[in-house]
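Mind docking chain B on chain A? Use the hints.
What follows is each chain in one-letter form.
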Amino acid sequence: MITIRNLTKKYGNRTILDNVSITIPDGEITFLMGSNGQGKTTLIKCILNLERYEGRIRYDNKPIQDVRKEIAVVHDDSPLYGRLTGLENIYVLAKERDYEKITTVSRKFVSDNVLREKTSKYSYGQKKKLSIIIALLKNPKYLFMDEVSNGLDYESVVMLRETLCEYKNKCTVFLTGHNFDFYDRIATNILLLKDRKIMPHVREAKEARERLEEIYVQNFGNH
Amino acid sequence: MFKILEIIKMEIRLQYYNKNIFILMASILILASINLYPNVNLIRQYDIMFQNQVHNLSGDGINPMDFINKEAKVTEITRENGWVVSEIDNPVRYSYDMLMRSIKVVAPEYFAQFSLEIITYILGPVFFGIFGAWMTQYDYREKTVKIRAVEHDWKLVVLSKQLTIVMFVALTILLVFSVFRLCGPIIHDFAMKNVSGEIDFNLIDQIPVKTGIIQKILISICLCSLFGLIGSFLAILFRSTVYATVMLVVYNFFVPNLGAYDIKNVFLVIGHHTFDFYGNFRPIIPHDLMLGVANFYVIALLLLVVGGSVVLSEMRSKYV
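As given, the protein sequences belong to chains A and B, one line each in that order. The first sequence begins at 1 in this note's numbering and counts up by one. The second sequence begins at 224 in this note's numbering and counts up by one.
Simulated from the structure, these hints should not be mistaken for lab results. Everything hinted at is true.
Derived contacts from chain A toward chain B, CB cut-off under 7 Å, selection only:
1) 48
2) 68
3) 71
4) 92
Restricting the straight-line Cα-Cα distance to at most 20 Å, the calculated cross-link-like pairs of lysine to aspartate or glutamate (EDC-like) are:
5) B:433 to B:332
6) B:366 to B:376
7) A:69 to B:229
8) A:127 to B:365
9) A:194 to A:18
10) A:10 to A:51
11) A:141 to A:162
12) B:366 to A:77
13) B:378 to A:66
14) A:95 to A:70
15) A:118 to B:365
16) B:232 to A:96
17) A:108 to A:162
18) A:138 to B:229
19) A:95 to B:229
20) A:95 to A:112
21) B:369 to A:147
22) B:369 to A:77
23) B:378 to A:51
24) B:293 to B:312
25) B:366 to A:51
26) A:127 to A:147
27) A:138 to A:162
28) A:197 to A:51
29) A:108 to A:96
30) A:138 to B:376
31) B:226 to A:70
32) B:378 to B:537
33) A:95 to B:376
34) B:369 to B:229
Predicted model, so just to flag it, every value in this text is computed and none were measured. We put the CB at the ideal spot given by N, CA and C, even for glycine.
In isolation and in its complexed conformation, chain A is listed as follows:
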């Protein structure tokens, strides 16, 4: 569980997040919804301590310094070492050397041949897949994914959806993005980021629940 209390983030005089207090629970897939430029990525960066902020963020009552190893992140731009192969990136970034363990996860998304190529030759989607593999191989307790479904092919989207449903029982999952078709079926906890504030959205009963697209239109309009 991640607790955020009185989080305020400003860039100069511009306030991005204003006194935000939320809890990201265990055992659920939390989805943060908001239109472009509202501060979704900034919130993730604050939670990950990649940005300076005012307020208090705790991972199961511990500061980030105590749980760094238990966090895995898939960034929108999927940063990787371009001169290294996919496998070497896994060795370095996931610190996993067990080839069997690696292929158990990687084969869900890419072939072994792709792992042997330099990542500078990867497409956007392949980079995204490798970032997901690295994040999953870390066996994290806290998993963050920013625009994770962007660039993924259909099979990978299905596989990722299944994998995340498995992982939600093992760790705290936090997602942001705009591909509502993907998030609709897995998000169990929805947060809305609007006007520098974050508020939880309570979905209706499962059998007649609103679709994320509807929630978005209600709160953010058609744009």
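Coordinates of chain B only, in the frame set by chain A:
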């Protein structure tokens, strides 16, 4: 401490995979090897000069040994136009001494030592400086800083990168030294083909060296590491490997000695107390500075560069 070791391990693995460390080592090894040729030419020149003088004396019916056995006195005279010229009272012995010194440079047990001079003063400042800049910048360029800054405190990563730079500098210098030491007999045989007369090798052993090999290696590692760390500092300061590289190249090759407290001058002061410079590389005489002051300057600069890099890395980064 454990965290630092863990990050260093990761950096070593990264350099191994992207092969940069091998490129660095191979470049220094090849360029330092090329330095053999000017030294061989030097031997050839001194040998011709000495043989001509011996031949001339013999032709005049004078025994050359009378001159060879006498010391040569070199007096420096400043002319009216400010030029300094050397006056030599015994050119035969002088040529002989120069020949002996140039042969000593390629002697099996010495070539590796003399190569340290080239590495420390010509190749190291630029190559290790660029390597340091690159080591510090690649995580920013690849944006992997966003992953690594989550795993570890970024200040710790920067500090570990700097320790890795020092490690790689030491490793490169030791490797090049070892290769030249092992190849010493081959290098010597190759160079001696240019000497026409008989050489008394006992005389070569009598030519003094200023310091022992361990001290030379340590000084070389220390000064080259400092340039590696300066490269790292510049890369953080300018957020660019290119700017750092341009600055290092311009400073090392195009900026003259700016005075007693110029880094180059300080390094030369230490160099003139450590290295012999018998080979083709003869650096300029540095501005006066006490050795103690020079040593203190190097330590202070080291602390400043390391501390400055750690502090600046946090201020200059968008993410940490």
